[in-house]
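Protein chains in written order, with numbering that gives the first Met the number 0: chain A, 0 to 417; chain B, 0 to 417.
Check before you lean on any hint, since a few could be wrong.
No copy labels: a pair is met if it fits in one copy or bridges any two.
What the hints assert, rightly or not - With a cut-off of at most 27 Å between alpha-carbon atoms, the simulated BS3-like pairs for lysine-lysine come out as follows:
1. K244 to K406
2. K7 to K170
3. K60 to K244
4. K193 to K223
5. K226 to K406
6. K406 to K193
7. K7 to K226
8. K223 to K7
9. K406 to K223
10. K406 to K60
Calculated directly from the structure, the hints in this document are not laboratory data. Only a predicted model underlies this, so the values are computations on that prediction, with no experimental measurement involved.
There are 2 protein chains.
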Amino acid sequence: MTLQDEIKQLAIEARDASRIMAQVPTPVKNALLRSMADALVAAVTELVEENARDLENGRDKGLSDAMLDRLRLDESRIRGMADGLREVAELPDPVGEVTGMWRRPNGIQVGRMRIPLGVIGIIYESRPNVTADAAGLCLKSGNAVVLRGGSEAIHSNRAIAGVLKRELAAKGLPDGALQLVGTTDRAAVTELLKQEDYIDLIIPRGGEGLIRFVSENSRIPVIKHYKGVCHTFVDASADFDMAEKICINAKVQRPGVCNAMETLLIHRDAADTFVPRIARVLGELGVELRGCSETCALAPEIKPAVEADWGAEYLDLILAVKVVGSLDEAIAHIQQYSSLHTEVIVTRDYPNSQRFLREINSSVVMVNASSRFSDGQQFGLGAEIGISTTKLHSFGPMGLEDLTTRKFIVFGDGQVRE
Amino acid sequence: MTLQDEIKQLAIEARDASRIMAQVPTPVKNALLRSMADALVAAVTELVEENARDLENGRDKGLSDAMLDRLRLDESRIRGMADGLREVAELPDPVGEVTGMWRRPNGIQVGRMRIPLGVIGIIYESRPNVTADAAGLCLKSGNAVVLRGGSEAIHSNRAIAGVLKRELAAKGLPDGALQLVGTTDRAAVTELLKQEDYIDLIIPRGGEGLIRFVSENSRIPVIKHYKGVCHTFVDASADFDMAEKICINAKVQRPGVCNAMETLLIHRDAADTFVPRIARVLGELGVELRGCSETCALAPEIKPAVEADWGAEYLDLILAVKVVGSLDEAIAHIQQYSSLHTEVIVTRDYPNSQRFLREINSSVVMVNASSRFSDGQQFGLGAEIGISTTKLHSFGPMGLEDLTTRKFIVFGDGQVRE
Numbered sequence: 000m001t002l003q004d005e006i007k008q009l010a011i012e013a014r015d016a017s018r019i020m021a022q023v024p025t026p027v028k029n030a031l032l033r034s035m036a037d038a039l040v041a042a043v044t045e046l047v048e049e050n051a052r053d054l055e056n057g058r059d060k061g062l063s064d065a066m067l068d069r070l071r072l073d074e075s076r077i078r079g080m081a082d083g084l085r086e087v088a089e090l091p092d093p094v095g096e097v098t099g100m101w102r103r104p105n106g107i108q109v110g111r112m113r114i115p116l117g118v119i120g121i122i123y124e125s126r127p128n129v130t131a132d133a134a135g136l137c138l139k140s141g142n143a144v145v146l147r148g149g150s151e152a153i154h155s156n157r158a159i160a161g162v163l164k165r166e167l168a169a170k171g172l173p174d175g176a177l178q179l180v181g182t183t184d185r186a187a188v189t190e191l192l193k194q195e196d197y198i199d200l201i202i203p204r205g206g207e208g209l210i211r212f213v214s215e216n217s218r219i220p221v222i223k224h225y226k227g228v229c230h231t232f233v234d235a236s237a238d239f240d241m242a243e244k245i246c247i248n249a250k251v252q253r254p255g256v257c258n259a260m261e262t263l264l265i266h267r268d269a270a271d272t273f274v275p276r277i278a279r280v281l282g283e284l285g286v287e288l289r290g291c292s293e294t295c296a297l298a299p300e301i302k303p304a305v306e307a308d309w310g311a312e313y314l315d316l317i318l319a320v321k322v323v324g325s326l327d328e329a330i331a332h333i334q335q336y337s338s339l340h341t342e343v344i345v346t347r348d349y350p351n352s353q354r355f356l357r358e359i360n361s362s363v364v365m366v367n368a369s370s371r372f373s374d375g376q377q378f379g380l381g382a383e384i385g386i387s388t389t390k391l392h393s394f395g396p397m398g399l400e401d402l403t404t405r406k407f408i409v410f411g412d413g414q415v416r417e
Numbered sequence: 000m001t002l003q004d005e006i007k008q009l010a011i012e013a014r015d016a017s018r019i020m021a022q023v024p025t026p027v028k029n030a031l032l033r034s035m036a037d038a039l040v041a042a043v044t045e046l047v048e049e050n051a052r053d054l055e056n057g058r059d060k061g062l063s064d065a066m067l068d069r070l071r072l073d074e075s076r077i078r079g080m081a082d083g084l085r086e087v088a089e090l091p092d093p094v095g096e097v098t099g100m101w102r103r104p105n106g107i108q109v110g111r112m113r114i115p116l117g118v119i120g121i122i123y124e125s126r127p128n129v130t131a132d133a134a135g136l137c138l139k140s141g142n143a144v145v146l147r148g149g150s151e152a153i154h155s156n157r158a159i160a161g162v163l164k165r166e167l168a169a170k171g172l173p174d175g176a177l178q179l180v181g182t183t184d185r186a187a188v189t190e191l192l193k194q195e196d197y198i199d200l201i202i203p204r205g206g207e208g209l210i211r212f213v214s215e216n217s218r219i220p221v222i223k224h225y226k227g228v229c230h231t232f233v234d235a236s237a238d239f240d241m242a243e244k245i246c247i248n249a250k251v252q253r254p255g256v257c258n259a260m261e262t263l264l265i266h267r268d269a270a271d272t273f274v275p276r277i278a279r280v281l282g283e284l285g286v287e288l289r290g291c292s293e294t295c296a297l298a299p300e301i302k303p304a305v306e307a308d309w310g311a312e313y314l315d316l317i318l319a320v321k322v323v324g325s326l327d328e329a330i331a332h333i334q335q336y337s338s339l340h341t342e343v344i345v346t347r348d349y350p351n352s353q354r355f356l357r358e359i360n361s362s363v364v365m366v367n368a369s370s371r372f373s374d375g376q377q378f379g380l381g382a383e384i385g386i387s388t389t390k391l392h393s394f395g396p397m398g399l400e401d402l403t404t405r406k407f408i409v410f411g412d413g414q415v416r417e
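With the hints as constraints, model all of the structure from the sequences given.
So, in structure tokens, the structure goes:
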């Protein structure tokens, strides 16, 4: 069988399985996820052995220590994956929910019912835990899933997928509902992206290169998350203690993630006081500050920023800082450089808080809270399948509901159109 | 300026204008649409003159009478466009609606606010009224719009867009919010589909060829509607009078539209009675029936169907008819041949009605009503921008709300993440 036929076959099997999965009752899906969790824990030895092969290959290929660490599976991480599946089992099932129903003058009742999307393709890099996390979310929401992980984790991913597929079969469900692309041939991705007749959505998870490749080559709709260039704007009226606490949390608590702050904007009327203060405290915490000329003049720790600093996603203890003359200027700066991820205003001014909320068109807009809250779990959506920074279908952190769509349902008693 | 630069420039202007449009208060948008309606009526002479140039070119090119009729603008059709804009002005504005708000244990309040998508591209064929209809819906929902009509209507479209743009300017709004691609060069479409940095959504409206071209060449998300192969299933327990009325309406009332019935499925237990009856009555109404061998044996008017009849979108007085042995067989047939548009069951059996509603994954599923109701206006959504038969973002008839997305808003009082 050619690679082309193989990928098409796998997509068709997933599509066929998705029709069955769409009808599986909630308790059966929950029991499935719990069995999968138990089976992963029971397979620790096998999983660690397969993972060791990936780690060895990774060392031979000269992967960095950080990469090898992301790749590593040990008992505690496997228990973590299992706990993730059990948590998803606890979440409410979105499928079948009727989100509204109304009566038309002719007496027909029109409503909208939530249904699974169908088949979801996940294309991801290195971390093998995504195999279990993504499978859990897709199956719980009644979808089939096609997984394509990175080649460096192929043995781990095959082993995890194998364990999960056995549980599908054991529950009398089609194991085609969980497909792992078993080859590391890159051409398989290109083929996968052509299966628009069978796959309903592609979610790429990884670096910007992967995401651009997927979105430029896919005939299937893609939900993208390029990067997080999160801004915090400290308004003239801000409570400076609160602003300091929020800035420290947003920059330092976990700098390597997409909801960390990358640019700090400070209102000119607050600059004399707040710039030296925040420069000192962040400097003490090891943050390198790069600022506009006004901020540099106010605090010697701040190095001059260059144009590339505005819009940079450092994912590190580096922060761009800029003084702005007004809320308008802050909004204009954010609109120019934002990645549509998360923006924060710290203010005591009611009209300014409302204007910021309304006028900023990023996926998450916050008043007086740390951008680090921008996360499906923190928002109460449960586990998250990703964060969308494009506006179609979903915008912002995506939970189970975002893996569904709504169909119209109509109850009549013989009505015909005039 | 090259075509490439020209299209990019136009997309950037639309993007810039969209940021202003997103903030325009509802009463101003409504007043704008009403002025546009008045201006179209006031420009009847100009519009009819420009349309005459298109009609003349169309005749020279040998367009069919049906095509020329679709292209034609007269005073009554222009008043129709104006009325359409006035109706959209009356619809509720979806922008700014907070669709939910909840409190997290740490005290932050998380909600979701409806915002415009940004810039919407509409690529359409022949009917010049789409220029006004699409512009009205996009502007009312706070978006900017880029319109690309068919070359055969270029003078009409330019004239209509010119009238509408003048009204934007007269209200002090950016006339870049309504862009018409003024060239008939087909390469302009390809360029438009590359503007993913500025355009948020493409909606193609036209034949299957246009839609395939757009979806295969677009880097921008596309909402597609390929075709409508609507099924009606007459169950064993159906009220045959009701079934007859529904079938006649679904097939005959307006056969050339996508929500007309194309295939009729009849339960074997109803076939002896219902097949001869419906064959006779539809035959008298001029419908050509093409059936499976069982139906042919029951009614001499029915010609044998070939495989291509299942799944055919006739858009004409032709109907495929098939006997099925069970609800399961009906559902399997529909899943195999459906275009995910609209499917109807006629039944008196409660469990069957519920199974059909749940298991059919088309965008509209009806019990005991004509498929001809599958329409935004009939469902009470107001005017419709199109019908989506793909599941992402929207599924089924699309109204104003489908031209928006939701961002997360967060109200805190200084919370930071542990």
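Results of checking the hints against the structure:
1. Taking the closest pair of Cα atoms, K244 and K406 come within 27 Å of each other only across two copies (25 Å); inside a single copy the shortest separation is 45 Å, beyond that limit.
2. Only within a single protomer do K7 and K170 lie at most 27 Å apart by alpha-carbon distance; the minimum there is 26 Å, versus 54 Å between protomers.
3. For the identical chains of this complex, K60 and K244 are neighbours neither inside a copy (42 Å) nor across copies (71 Å), given an alpha-carbon limit of 27 Å.
4. For a Cα distance limit of 27 Å, the shortest separation of K193 from K223 qualifies both inside one copy, at 17 Å, and across copies, at 16 Å.
5. In this assembly of identical chains, the alpha carbons of K226 and K406 lie at most 27 Å apart only when taken from different copies (17 Å versus 32 Å within one copy).
6. Taking the shortest alpha-carbon separations for K406 and K193, only the intra-copy value of 25 Å comes in at or below 27 Å, while the best inter-copy value is 30 Å.
7. Taking the shortest Cα distances, K7 and K226 sit within 27 Å of each other only across copies (24 Å), while inside one copy they are farther apart (31 Å).
8. Proximity of K223 to K7 under the C-alpha cut-off of 27 Å is found in both arrangements, the shortest distances being 23 Å within a copy and 22 Å between copies.
9. In this homomeric assembly, K406 and K223 come within 27 Å of each other (Cα to Cα) both inside a single copy, at 24 Å, and across copies, at 15 Å.
10. For the homomeric pair K406 and K60, neither the shortest alpha-carbon distance inside one copy (49 Å) nor that between copies (42 Å) is at most 27 Å.
In this structure, the earlier hints numbered 3, 10 are contradicted, and the remaining ones agree with it.
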